[in-house]
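Asks: The listed protein sequences derive, respectively, from chains A and B. Per full-length UniProt numbering, the very first residue in the first sequence carries number 1; after that it's consecutive. Per full-length UniProt numbering, the very first residue in the second sequence carries number 1; after that it's consecutive.
One or more of the hints may lead you astray.
Listed next, the in silico DMTMM-like pairs over lysine to aspartate or glutamate satisfying Cα-Cα at most 20 Å (straight line) [unchecked claim]: (1) Lys34(B) - Glu365(A); (2) Lys34(B) - Glu371(A); (3) Lys394(A) - Glu122(B); (4) Lys34(B) - Glu372(A).
Don't read these hints as lab results, they were simulated from the structure.
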Amino acid sequence: MDNSIVEEIDHRAALKKNVLLWSVCIAITPMILVSCIILYQFRISYHQRVNAHLEELVAKHRQDIDTFLKERLGNIQVLAGNFSFENMSNERFLQERLNILQQNYGPVFVDLGVINFEGFQVAYAGPYKLKHASYSDADWFKKAMANNSEYYKSDVFLGLRGVPHFIIAVRRTSGDKTWIVRATIDFVYFNSLVEKIRIGETGFAFILNNEGKFQTHAVHDVAPDKSPYRDFLKYNNAEKKEIHIVEHADASGSTSLYVASFLKHGDWMLVYQQKSSEAFADYRRAVSIAIVIVILGCVLILSTAIILTNKLVRLLTKIDREKEMMNEQIVETGKLASIGELAAGIAHEINNPVAIMVGEAGWIEDLLEEEEFQASENMNEFKRALKQIHIQGKRCKEITHKLLSFARKTGSRPQDINVNELIEELVDLSAQRAKFSNVTIVTDFKEDMPSICVSQSELQQVFLNLINNALDAMEKDGGDIRISTRTDGNRVVVVVADTGPGIPSAVLNRIFDPFFTTKPVGKGTGLGLSICYGIIKKMRGEIEVQSTVGVGTTFLVKIPLPED
Amino acid sequence: MTEKENLTPSTRIKLLLVDDEEGFVNVIANRMSKRGIDATKALSGSDALKAIRKQDFDLAVVDLKMQEMDGIELLRILKKMIPEMPVIVLTGHGSERAAEDGMEYGAYDYLTKPCEMDELMEKIHEALARGR
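Model the full assembly from the supplied sequences, consistent with the hints where possible.
Replies: Printed below as a string of structure tokens:
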């Protein structure tokens, strides 16, 4: 492929790439930037909203549980405060009190017991056979008997009955006697208080004691990585008054939200946890929708940019080609003008010697008329030769006159032109070449052709091009070129028909394209016919081609007559 | 010797022939001589002006394109000096426009080189007849 064509293709590809890149960058960058900023702000806002909601939820339930524990403590404190050891030691009386509590509060209280200062249970009301049980070594008993508080709420433990429960113990001292009223709180009931804290599929709550042991059941499996709980338990007393939220990823990469709040004076920790994917589901859905919108926007921008870039590059290419054609046309016109100047110079230089030559021939004729030469036997031959010199001198004169006439018509200013005369001159100029190519040029002109007002040099260029193309096509085998003129309505029609090899139909519709040529490399630029097309279009005319392979090619040039 | 060659000097036409092509001037002068014209040859505008100061001429034939002083300029000077003298313009340039310019400056007519002697003689006689 021609280097210039390769360069043009490379240039066009580079231009396309640059325009596309810049237009896409300029359009997409602000959209992505704004989307990122909005999503970032939305993320912060959404996280704050979720955290606030969870804090409120956990705070409310902590308060509920604390209230429950305080109320149950109050119930037992009322019993211990209002009734004497003797009354309370009466199992029948104690059973009545238990019944009343169960009637008022449901199955919250499992049993009641009265324990003397030695840890011996002196009275018991409840479903287990625990009368006379000894709690002297029990941890809860020791803590309840300690002087720092009048009551004690234990952690959940199995104890003598072998089922999970916790107790509320109130210590009383009357006279020299110290005794304890103990109530067992139903674990199932207490557990249900915590279990009901549920949000969605993965949000649940549970209670841990200071040592990290579960005080209620966890609905779901808690994370195998216990580090968030351990971190919460390390808080000091002041920090334990706050509600803490952390987001933590486990070993599998799954992240969860952990909300911790302390109750029972910091002995227990209410933990709420939920998978982040669920807690922030709405946010993630919004992000997904935003990403889809941004991607669709990008695709739209990209496709629009590609379409516009293609259009722009096609337009620029067209402009470039038109510019190139115009330059070529200017060069061609310039060449014609140079040829014109050259022709004028040659005509002048030739005319003088020819004039002398013809003059000298005339002088010989004059001299031959003198008597002494009349008898010469070669007189007839002398006269024939001299006549021939006159004829050829006249021929030279005609040739130089045609050259000069051509030279005068190299301007591009529109002027009244008789097409017949213009073509006749071009035919004369091409006659020598036609003779060498064994081509006969026949003209068939309509008489009294009206003038058209166009640039003579440009019209010359068009017909010279058509005649030269026809001569090129018939250079090897010879043939005929028939040039006819006629009028068709308000148009002048010139038909240039040759009997050359014809143009294959596959390329016929491309012959007016710039740079399209069927001539061998180096012989044709592929611009001749496209320039002709441009010139005729500029004259508001038309140029058409008809061709049959093996028969010949016919060009029809239609040029409008002046309107007035 | 032809009949016209035998004309007495007083009846022969006196013509100033101006052209920078010596070969052309010589052959035309010779041929004119055989046709009853005494052609004084001038190879430039200045030669022509020198000749015209020395003698009177019935007519001048001037080439338009000359090296030193072109035919138009010479024509203008001749027309100022001897307005009644007819001047025929010859042009090897072949430019009708230049010849038409010559007509504007008072040339009788123009002929393009190479021209036939008969044609030139016809123009000369026409010009002289018009002048009389």
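Asks: Does each hint hold? Answer for all of them.
Replies: A quick look at each hint next to the structure:
1. Lys34(B) - Glu365(A): Status holds; Cα separation ~11 Å.
2. Lys34(B) - Glu371(A): Answer holds: Lys34(B) to Glu371(A) is near 14 Å, not above 20 Å.
3. Lys394(A) - Glu122(B): holds (18 Å)
4. Lys34(B) - Glu372(A): holds (16 Å)
Figure legend: structure checked against the earlier numbered hints; every hint is met.
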